[in-house]
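K.L.:
Chains as they are written, first to last, in full-length UniProt numbering: chain A, 1 to 320; chain B, 1 to 320; chain C, 1 to 320; chain D, 1 to 320.
Certain hints may be false.
All copies of an identical chain are treated as equivalent in the list; a pair is satisfied when it fits inside any one copy or across any two copies.
[Unchecked claim] When the alpha-carbon atoms are kept at most 20 Å apart in a straight line, the in silico SDA-like pairs for lysine to any residue are as follows:
1) K2 - Q51
2) K313 - I292
3) K229 - V246
4) K84 - R107
5) K90 - E277
In short, the hints are calculated from the structure, not lab data. Fair warning: this is a prediction, and the values are worked out from it, not measured in the lab.
Single-letter residue listing:
There are 4 protein chains.
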Amino acid sequence: MKRIAVLTSGGDAPGMNAAIRAVVRKALYEGMEVFGINYGYAGLVAGDIRQLHHNDVGDMISRGGTFLYSARYPEFATEEGQLKGIEQLKKFGIEGLVVIGGDGSYRGALALTKHGYPTIGLPGTIDNDIPGTDFCIGFDTAINTVLDSLDKIRDTATSHVRTFIVEVMGRNAGDIALWAGVSGGAEQIIIPEKEFDMAEVATKITEGREKGKKHTIIVLAEGVMNGNKFAEELYKFGDYHARVTVLGHVQRGGSPTARDRVLASQFGARAVDYLKEGKGGLCLGIVNNEIIASDIIDTLEKGSHRPNVALYKLNQEISN
Amino acid sequence: MKRIAVLTSGGDAPGMNAAIRAVVRKALYEGMEVFGINYGYAGLVAGDIRQLHHNDVGDMISRGGTFLYSARYPEFATEEGQLKGIEQLKKFGIEGLVVIGGDGSYRGALALTKHGYPTIGLPGTIDNDIPGTDFCIGFDTAINTVLDSLDKIRDTATSHVRTFIVEVMGRNAGDIALWAGVSGGAEQIIIPEKEFDMAEVATKITEGREKGKKHTIIVLAEGVMNGNKFAEELYKFGDYHARVTVLGHVQRGGSPTARDRVLASQFGARAVDYLKEGKGGLCLGIVNNEIIASDIIDTLEKGSHRPNVALYKLNQEISN
Amino acid sequence: MKRIAVLTSGGDAPGMNAAIRAVVRKALYEGMEVFGINYGYAGLVAGDIRQLHHNDVGDMISRGGTFLYSARYPEFATEEGQLKGIEQLKKFGIEGLVVIGGDGSYRGALALTKHGYPTIGLPGTIDNDIPGTDFCIGFDTAINTVLDSLDKIRDTATSHVRTFIVEVMGRNAGDIALWAGVSGGAEQIIIPEKEFDMAEVATKITEGREKGKKHTIIVLAEGVMNGNKFAEELYKFGDYHARVTVLGHVQRGGSPTARDRVLASQFGARAVDYLKEGKGGLCLGIVNNEIIASDIIDTLEKGSHRPNVALYKLNQEISN
Amino acid sequence: MKRIAVLTSGGDAPGMNAAIRAVVRKALYEGMEVFGINYGYAGLVAGDIRQLHHNDVGDMISRGGTFLYSARYPEFATEEGQLKGIEQLKKFGIEGLVVIGGDGSYRGALALTKHGYPTIGLPGTIDNDIPGTDFCIGFDTAINTVLDSLDKIRDTATSHVRTFIVEVMGRNAGDIALWAGVSGGAEQIIIPEKEFDMAEVATKITEGREKGKKHTIIVLAEGVMNGNKFAEELYKFGDYHARVTVLGHVQRGGSPTARDRVLASQFGARAVDYLKEGKGGLCLGIVNNEIIASDIIDTLEKGSHRPNVALYKLNQEISN
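Next up, chain A with everything else stripped away, as it sits in the complex:
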């Protein structure tokens, strides 16, 4: 291929800019032309497309968000939208597409693949819930952002001998809660992948206090329930005045960590390698510490994301 394009779609994630930069730089290095599509699939359908040059991505590696903007665009679920998108790409002479995003973005990439358009998906979502990879772009930054908040909340929790419930993102996945919880020394982690018993939650708080613990921090994945509801339920089991903090969109921003920038760079460059060889229909991942490509149809239809639930047990053993 001689001319490719890149778009970001769905929720933004730190490192998306680093991935775009890698696609652009690697494509130029290989003598290809590269185009950026604004606002994800919405911009694709609308033809909001421009050529990208070396300096367009200068200093982009350190920036959070995505300079190509993102958007949710349910209309792309229709065949009409998809064909319109392919038409736009062809109009610009673009032969292959790199899509960076999460679940919804991948479904778009899958549709393009089924229409025969060479597309490569890069997993970019802080939720880390994409099949075909152990880690997604943005996850490492997000867990460090949450960790930073947990460290701050612990100052207050310790000073006041309090219980805090910290609701974190992750959609239906517990990855953020698990990693941030273990690294933040949270006394309890509540995730969708593991049943929990509120009576036990209450008992552990009491036991911790008896052991001399000055704080109890419970990290709660949003996929289980929201923080205020959890606090109410907990209160039914005794006089537990828990403060609730909902970290919210702060988790999606920030300058990416070293890992996220390296991972994004590896993915971006590798995507260009495949397109250069004319290969599409793939999604990239890092599995067992190696960058790999899988068939996007297989991965989405048969694969599933498996969080590292061994961390759950680890935390119960060392953070109580």
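For chain A, the structure is supplied; the task is to place chains B, C and D on it using the hints.
P.N.:
Below, chains B, C and D without anything else, positioned relative to chain A:
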């Protein structure tokens, strides 16, 4: 005096530990003995008091929270509680007291002063709402914490062309909202000290978009109303889908900034100077960039906190 | 005035972009046109000048460095260079100039003023060594950057029971060393404004160890001597194996702190106020917590910078 | 086993405290007793040993350095020292030892193993140069610290259109340079594992400027040569005025990242699992994203560390 004590009370603030450290180190430097009281006025009444030595405050300057713990203790509003506290101090041979905290803490210090017990108040609250000082210990750290969150939220707001309402602390004062809002480049700042008109808020969002702004960030002081209520009200004026982030207790933690550590150190050392000379009944402040002492009775009964509302107008001129 | 320009010159400082943004936004708010000059006085003389619009400064408030670039340009010390610069400004119809920078930049602004060209200087240098102001743009960020490094070095110093000499910037001023030293809990601070006796430095290290201190951190202002030389001199007084860290240019970068952004915004907007009224020949400062303007000729010819040396004594009392 | 001990040795690394905490908490969870040895092998030989309880490691997960202190102790290379150490352990009834550290620490663990004492090594060094693992405790934090400095230096480099040489740690390994260089968008990375040609370094700087790059950042691993020497050599190839920054010990400190805390927790808990089963003579690692144990004799005598040099090529393709 030869023997003094220190306590922290009310909501914790970054830099309280730096202030305690300065009290301890300066007292030892002056040949005095110094005691720490745990859990604020509650510990004072209960006699939870221990001597502090040079190494007890080693490396404390960098830590958030307060290693003497804090507590709200409404019982100290009664004369009985106050006299019990003084009795405990006398039992330990303690001749003067340094109280670090906010509004409620100051009222306790005022009561002790009225009973004739030499007490000095140091303003420690992220809300920055204490009379007698331009800045309180913890405020500088808090505005930088909020700023960090605003920078992160802007990544997402820009990437998605969205409106965000960010609710920040401050009780009835708008200081955090003002300083964080100006420094974060927030399009609008809503504070208790200034009336606002929701129709105008809505108009400005629309105008910003027309100017090509990719994001609208509204920093809302909690003293006005809560973020979700604000979003609902805004929605009445048009199709404004604003995301709400409530930063919460994260704002109260964290390693203190350079300014907060220096200010806390200045306050702590100065408090010891006064107690050494036998002077109590004072509260310290930084006014016009100078460390000063004021009569605590006068200050609390006649003084008032005045936020820098010039920042409000400044922001309207440069951030729209 | 209807048309003004802004340049940054000399060493860059965090917050310069925030100041440029405030000049641009305030000028537009006042109905004026505003131009940016690239590469400081070099670009002025060369006519590297372009109009700036609302979106040119979007998101600039959070960025370190200066997007107008900076340069040292000794040729501007000649009358020829100065007249050439004024000619360029007139060619573009520019009636007044805002100069953001340190010592050398101010001398350029002084020269333009003496030639009758309306110029306003804003103090922007991490060294904080400009007369007419208590604080310069960039200083607050720099001391927090140094503080962050001191906190990290203390981890290692404590773990290994070591002595560290940390050389910090400041040219001939000790401000960075003083503020970072006090806030970092450095055992000793060595600044140009205070004589020091190496024998005493050595004695204090020994005394600290005897008191049980696990680390000795000496913050050394570059204006005294360089770190390696200091370590050598110290070694003559006994078996002191001090590690040396030279923080270097890291101190000049980074996203500005809340204070630096607010200060820069206040300065930038105020400069436009004066130029709008046709007033030049001024330099702005924050003195006793108030934004003021002084005559630039008086300030540079008679004024002098006075660091807060009270912090020196404070540190000796609380950090030994 | 019923009673085990833990020590940290060699250069400190962020996450060592998290690893100690995990050893302590997991041992208590398993009903074992656990002892801490101060000052590494020096303290082992001297018998500077104390029991550790649940609260001794409270809040330790977030702290840089090692609260058990570390020391280099060449005397432990002698058989006499080793036997003395084992004698001390037996005196305290300690049946197994966890050693956290780098190269030298592992050699000590190897010696103890050869004497038949059950010992488990955990890789803790920012240099990441230990065989038997892809990543060492502390490496992730160190690369993020370096990255933060690179981002700051880029502000200045861009503002002044300059070349910077940034010397980073790593002993004979290029890992820090590789990861920080790629993530920092450094134009060139110089590591011991790859030959370099100074003429080519010079040519690339010139080419970058011609492409419009505003900065050139060269990340130099200390194992190649020191930064000043490199700058001198470079100058022989043309008028390249490169600034040199030697990041130094800042790289070894700081609160550990989420990854380092999780990795340290996994290692610490796993080490206890093995000792509980009576197994020693192992060193732990994370290989292909899985926690594994290898025979320490085999690993040290036959194994070697292999940095991810694919990153070198990647950087050449996307950062020039």
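K.L.:
So, for every hint listed, does it hold in this structure?
P.N.:
Checked hints:
no.: 1; hint: K2 - Q51; verdict: within (13 Å within a copy, 37 Å between copies)
no.: 2; hint: K313 - I292; verdict: between (29 Å within a copy, 17 Å between copies)
no.: 3; hint: K229 - V246; verdict: both (12 Å within a copy, 16 Å between copies)
no.: 4; hint: K84 - R107; verdict: within (16 Å within a copy, 61 Å between copies)
no.: 5; hint: K90 - E277; verdict: within (19 Å within a copy, 57 Å between copies)
Of the numbered hints listed earlier, not one is contradicted by the structure.
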